[in-house]
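So the protein sequences, as listed, match chains Y and H. Positions 1 to 120 (my numbering) are the ones given, in order, by the first sequence. Positions 1001 to 1176 (my numbering) are the ones given, in order, by the second sequence.
Quick caveat, the hints were computed from the structure, so don't treat them as lab data. Glycine included, every Cβ here is placed at the ideal spot set by N, Cα and C. One or more of the hints may lead you astray.
If you anchor each label on the Cβ, the simulated ranges turn out as follows [as the list claims (entries may be wrong)]:
1. 1029(H) - 99(Y): 17 to 27 Å
2. 1054(H) - 62(Y): 42 to 52 Å
3. 116(Y) - 1073(H): 33 to 43 Å
4. 1086(H) - 78(Y): 43 to 53 Å
5. 1026(H) - 70(Y): 46 to 56 Å
6. 1030(H) - 52(Y): 47 to 57 Å
7. 62(Y) - 1030(H): 40 to 50 Å
8. 103(Y) - 1059(H): 47 to 57 Å
9. 116(Y) - 1086(H): 45 to 55 Å
10. 1026(H) - 111(Y): 24 to 34 Å
11. 1015(H) - 85(Y): 30 to 40 Å
Computed from the model, here is a short list of chain H residues facing chain Y with C-beta under 10 Å [claimed, not checked]:
12. 1002
13. 1005
14. 1008
15. 1019
16. 1020
17. 1021
18. 1024
19. 1036
20. 1045
21. 1052
22. 1059
Counterexamples of contact, computed for chain Y against chain H with all Cβ distances above 12 Å [as the list claims (entries may be wrong)]:
23. 32
24. 38
25. 39
26. 43
27. 44
28. 47
29. 49
30. 54
31. 56
32. 65
33. 67
34. 78
35. 80
36. 104
37. 114
Below are the chains, spelled out letter by letter.
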Amino acid sequence: MAAPTVPASVGIVTLAVALLGPMAGPYAVIVLSALAGALWALAAAPTESRRAGAWLVLRLVLTAVVLTGGVAWGLESQYGWPAHQLLAPVAFATGMGGDRWRALVDVLVATVGRRIGGGA
Amino acid sequence: MSTLIFLAACVALVYTGFCRMVRTDTGTVLCIRAVIWLLTVAALVSVAAVLVWGHTASWPDALLAWAMAAVQVATSMLWRTGVPGSFTHGPGAAAQLAEIPNVPYALLARIDGDDGRGSAMIIIPEGAQSAALWVSETHTGRRLTAGIQLGQAQWRAVESAAGQAAGALTAQAPGA
């Protein structure tokens, strides 16, 4: 009798569910969408080497993983749009933003700095 | 078995697409960037489909994916020195040779044309004793190592012309 075989996909899905629980699915959607967006940003960015390109993609995907959930649930509470449907577009847009996030963060830091400094 | 072959081809497509996207920038024609991105993302989704959703690929799937990967690998020779000239905006592969700081002469040349061919204009001030070249991409402003953007054959031609011009000037210089 042939031994029963388990497809590789079952093992990966089992591992992901064991690690992330019911959030495994949403995180898979976020990572895949962010990768697609980050690759678009990579195609437009002047990158010097493959290592720099990989670092850019990794940075954007991690940014999307951190920000997407909060942004999606914020939009849901504000406008009533279902968060689980917003995960993919928000993650894609986050990745696609590329290094423009740095400029946005700089503006935010400067604004907060001015507020703290009493508008001086 | 066909699923494994399909998976390997998709991984190859993702890698080759990534390598091309590292080389492209906003100076690359938009539709070229878009199709490279589309191919890479499609391959990425295919990898996820096999690994996450348990998609089983048929032989035609595997054959088509390998054919596309083979095209990517075969055409990679055109990308060895950067984005091919025909895929860039403006005068493709346009290169401008300008003066080098701290060197007491100027040498200017310009290569026009989508394939990098064209006329080169070399200006060497009177009294120049030698020639050297500096290349910068005109449409992105990025500085490149000499010879990379022009291709070795074209580069040697420009270098040779510059050497001859410098030699002629040296011969004409008073007291030479």
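To see whether the hints hold, each was checked on the structure:
1. Checked against the hint of 17 to 27 Å, the C-beta distance between residue 1029(H) and residue 99(Y) comes to roughly 22 Å, which is consistent with it.
2. Checked against the hint of 42 to 52 Å, the pair residue 1054(H) and residue 62(Y) fails, with Cβ atoms roughly 27 Å apart.
3. A hinted range of 33 to 43 Å for the beta carbons of residue 116(Y) and residue 1073(H) is inconsistent with their spacing of about 55 Å.
4. For residue 1086(H) and residue 78(Y), the Cβ-Cβ distance of about 47 Å falls inside the hinted range of 43 to 53 Å, so the restraint holds.
5. Here the CB-CB span from residue 1026(H) to residue 70(Y) is close to 30 Å, at odds with the stated 46 to 56 Å.
6. Distance hint check for residue 1030(H) and residue 52(Y): the Cβ-Cβ separation is about 22 Å, which falls outside the suggested range of 47 to 57 Å.
7. Look at residue 62(Y) against residue 1030(H): about 27 Å separates their beta carbons, and that is not inside 40 to 50 Å.
8. Distance hint for residue 103(Y) and residue 1059(H): a CB-CB separation of about 49 Å, consistent with the stated range 47 to 57 Å.
9. For the pair residue 116(Y) and residue 1086(H), the supplied restraint of 45 to 55 Å holds, since their beta-carbon distance comes to about 53 Å.
10. Look at residue 1026(H) against residue 111(Y): about 28 Å separates their beta carbons, and that is inside 24 to 34 Å.
11. Here the CB-CB span from residue 1015(H) to residue 85(Y) is close to 32 Å, well matched to the stated 30 to 40 Å.
12. Interface restraint check: residue 1002(H) against chain Y, minimum CB-CB distance 14 Å, threshold 10 Å, status violated.
13. Residue-level restraint check for residue 1005(H) is violated (minimum Cβ-Cβ distance to chain Y is 14 Å; threshold 10 Å).
14. Using the Cβ-Cβ criterion of 10 Å, the hint placing residue 1008(H) at the interface with chain Y is not satisfied: the shortest such distance is roughly 13 Å.
15. Annotation: residue 1019(H) was flagged as interfacial toward chain Y, and the flag holds, the nearest CB pair being 6 Å apart, inside 10 Å.
16. Hint status for residue 1020(H): holds, given a least beta-carbon distance of 8 Å to chain Y, under 10 Å.
17. The interface hint given for residue 1021(H) is met, as the beta carbon of that residue sits about 4 Å from the closest beta carbon of chain Y, less than 10 Å.
18. Taking 10 Å as the C-beta cut-off, the interface hint given for residue 1024(H) holds, the closest approach to chain Y being about 5 Å.
19. Residue-level restraint check for residue 1036(H) holds (minimum Cβ-Cβ distance to chain Y is 6 Å; threshold 10 Å).
20. The closest approach between the C-beta of residue 1045(H) and any C-beta of chain Y is roughly 7 Å, which is under the 10 Å cut-off, so the hint is satisfied.
21. Satisfaction of the interface hint for residue 1052(H) is found here, the shortest Cβ-Cβ separation to chain Y being roughly 6 Å, below the 10 Å cut-off.
22. Checking residue 1059(H) against chain Y by beta carbon gives a least distance of about 18 Å; that is not within 10 Å, so the hint is violated.
23. Not every C-beta of chain H lies more than 12 Å from that of residue 32(Y), the closest at about 6 Å, which undercuts listing it as non-interface.
24. The non-interface label for residue 38(Y) is inconsistent with chain H: the shortest C-beta to C-beta separation is roughly 10 Å, within 12 Å.
25. Some Cβ of chain H comes within 12 Å of the Cβ of residue 39(Y); the nearest lies about 6 Å off, and the non-interface call is violated.
26. Not every beta carbon of chain H lies more than 12 Å from that of residue 43(Y), the smallest distance being close to 4 Å; the non-interface claim is violated.
27. Residue-level check failed: residue 44(Y) sits 5 Å from the nearest beta carbon of chain H, not beyond 12 Å.
28. With 12 Å as the threshold on Cβ separation, the claim that residue 47(Y) sits away from chain H is violated: the shortest Cβ distance comes to roughly 5 Å.
29. Consistency note on residue 49(Y): stated as away from chain H, yet its beta-carbon is not over 12 Å from all of that chain's, at 7 Å minimum.
30. A beta-carbon of chain H comes within 12 Å of the beta-carbon of residue 54(Y); the shortest separation is about 8 Å.
31. The beta carbon of residue 56(Y) is not kept farther than 12 Å from every beta carbon of chain H, the shortest such distance being approximately 9 Å.
32. Here residue 65(Y) stays apart from chain H, with its beta-carbon at least about 16 Å from theirs, past the 12 Å limit.
33. For residue 67(Y), the non-interface assignment is confirmed: its Cβ lies about 21 Å from the closest Cβ of chain H, beyond the 12 Å cut-off.
34. Distance to chain H confirms residue 78(Y) as a non-interface residue, since its nearest Cβ pair spans about 30 Å, more than 12 Å.
35. The beta carbon of residue 80(Y) is kept farther than 12 Å from every beta carbon of chain H, the shortest such distance being approximately 30 Å.
36. At roughly 19 Å from the closest C-beta of chain H, the C-beta of residue 104(Y) stays outside 12 Å, upholding its exclusion from the interface.
37. For residue 114(Y), the shortest C-beta to C-beta distance to chain H comes to about 32 Å, beyond the 12 Å cut-off, and the non-interface label holds.
In summary, the numbered hints that this structure violates are 2, 3, 5, 6, 7, 12, 13, 14, 22, 23, 24, 25, 26, 27, 28, 29, 30, 31.
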